[in-house]
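*Asks:* What follows is the residue order along each chain.
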Amino acid sequence: MANSENSAKQSRRSLGVNARDKIGAQLRDMYNSVITEPVPDRFLDLLKSLEAKEKSEDKGSE
Amino acid sequence: MNQSSAPFKSELIKAIPNMRAFAISLTGNTDRADDLVQETLVKAWSNASSFNEGTNMHAWLFTILRNTFYSEFRKRKREVEDVDGSMVAKLASHPEQNGMMDFADFRSALTQLPIDQREALILIGAAGFSYEEASVICGCATGTIKSRVSRARALLSEILGGASSDDYGPDATSQAVVKIKPINTITA
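Taken in order, these protein sequences are the chains called X and B.
Okay, so the first sequence: first residue is 1 according to our numbering, each after it adds one.
Okay, so the second sequence: first residue is 1 according to our numbering, each after it adds one.
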């Protein structure tokens, strides 16, 4: 009795672990597929313009 | 030139791919995600002085991004929040017959999770933060993060077809929708 309960619990848990592994792998794959994309130009341009703005403000305050 | 801005800028650039991955996972939409990253960069730049050098810059940026996402989300409220997952059964996606799902399907499944569960799962399961770091980013207890992650995994596995494809095959409603002919074929 106790044994069959245990094995039922066991199989439920191993199913859970499988599903968990699968989801974890898919999640990481999806995430990594974005991380490996090159940085879009719009962000480099944005930072360049923020930096330029700061530079001109620094000069203005001298 | 401000002497500290050059290394700060290069650190920001290095963090952009991670910020985009987080934003896309949160929004499920590349355009919205990139707007979110842009806003985060502007805020980070103007609050550079509040960043403590030597601390985890990714965690700092993720916090800004996440807070920006939330305030925008509250403003819009266009999306339907599904706190207890009651809509999941209706929205359950049907995996391709070969069982393979592309990232678009996975992204859309992810956006069906309640936001708090979604972000916890991404931070822990993909971005590689510790429970402690994630709890700082989300402003809640570590135990809360843990339970959100486990609920997110359970719900996601349900959405992605944890049951057999027969159990989750197209129902009468979705089959009826598929059968509807496009309107423009009638008028032509």
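Simulated from the structure, these hints should not be mistaken for lab results.
Heads up, a few of these hints could be off.
[Said to hold, decoys possible] Straight-line Cα separation of at most 16 Å, EDC-like style, residue types lysine to aspartate or glutamate; simulated pairs:
1. K9/B to E51/X
2. K9/B to D45/X
3. K48/X to E11/B
4. K43/B to E11/B
5. K43/B to E51/X
6. K48/X to E39/B
7. K22/X to E39/B
8. K9/B to E54/X
[What the hints assert, rightly or not] Far from chain X, some chain B residues (derived; all Cβ distances over 10 Å):
9. D34
10. T55
11. T63
12. E72
13. I115
14. E132
15. S135
16. G139
Glycine included, C-beta positions come from ideal geometry on N, C-alpha and C.
*Asks:* A separate judgement is required for each hint: does it hold in the structure or not?
*Replies:* Hint check results:
This hinted pair checks out: K9/B and E51/X have alpha carbons roughly 8 Å apart, not beyond 16 Å. Restraint check for K9/B and D45/X: the C-alpha separation of about 12 Å stays at or below 16 Å, so the hint holds. For the hint linking K48/X to E11/B, the alpha-carbon distance of about 14 Å falls within 16 Å, and the restraint holds. About 15 Å separates the Cα atoms of K43/B and E11/B, which keeps this hinted pair within 16 Å; it holds.
With a CA separation close to 13 Å, the supplied pair K43/B and E51/X stays within the 16 Å bound. Of the supplied pair hints, the one linking K48/X and E39/B holds, its CA atoms being roughly 15 Å apart against a limit of 16 Å. Between K22/X and E39/B, the direct Cα distance comes to roughly 33 Å. Violation of the 16 Å bound is thereby established for this hinted pair. Between K9/B and E54/X the CA atoms are separated by roughly 12 Å; this keeps the pair inside 16 Å, and the hint holds.
A beta-carbon of chain X comes within 10 Å of the beta-carbon of D34/B; the shortest separation is about 7 Å. For T55/B, the shortest C-beta to C-beta distance to chain X comes to about 21 Å, beyond the 10 Å cut-off, and the non-interface label holds. Here T63/B stays apart from chain X, with its beta-carbon at least about 18 Å from theirs, past the 10 Å limit. Listed as outside the interface, E72/B is consistent with that label: its C-beta sits roughly 18 Å from the nearest C-beta of chain X, beyond the 10 Å cut-off.
Chain X leaves I115/B outside its interface by the beta-carbon criterion, the shortest separation being 16 Å against a cut-off of 10 Å. Even its closest Cβ contact with chain X, about 20 Å, leaves E132/B beyond 10 Å, as expected for a residue assigned away from the interface. Even its closest Cβ contact with chain X, about 19 Å, leaves S135/B beyond 10 Å, as expected for a residue assigned away from the interface. At the 10 Å boundary, the C-beta of G139/B stays outside the reach of chain X, the nearest C-beta of that chain being 22 Å off.
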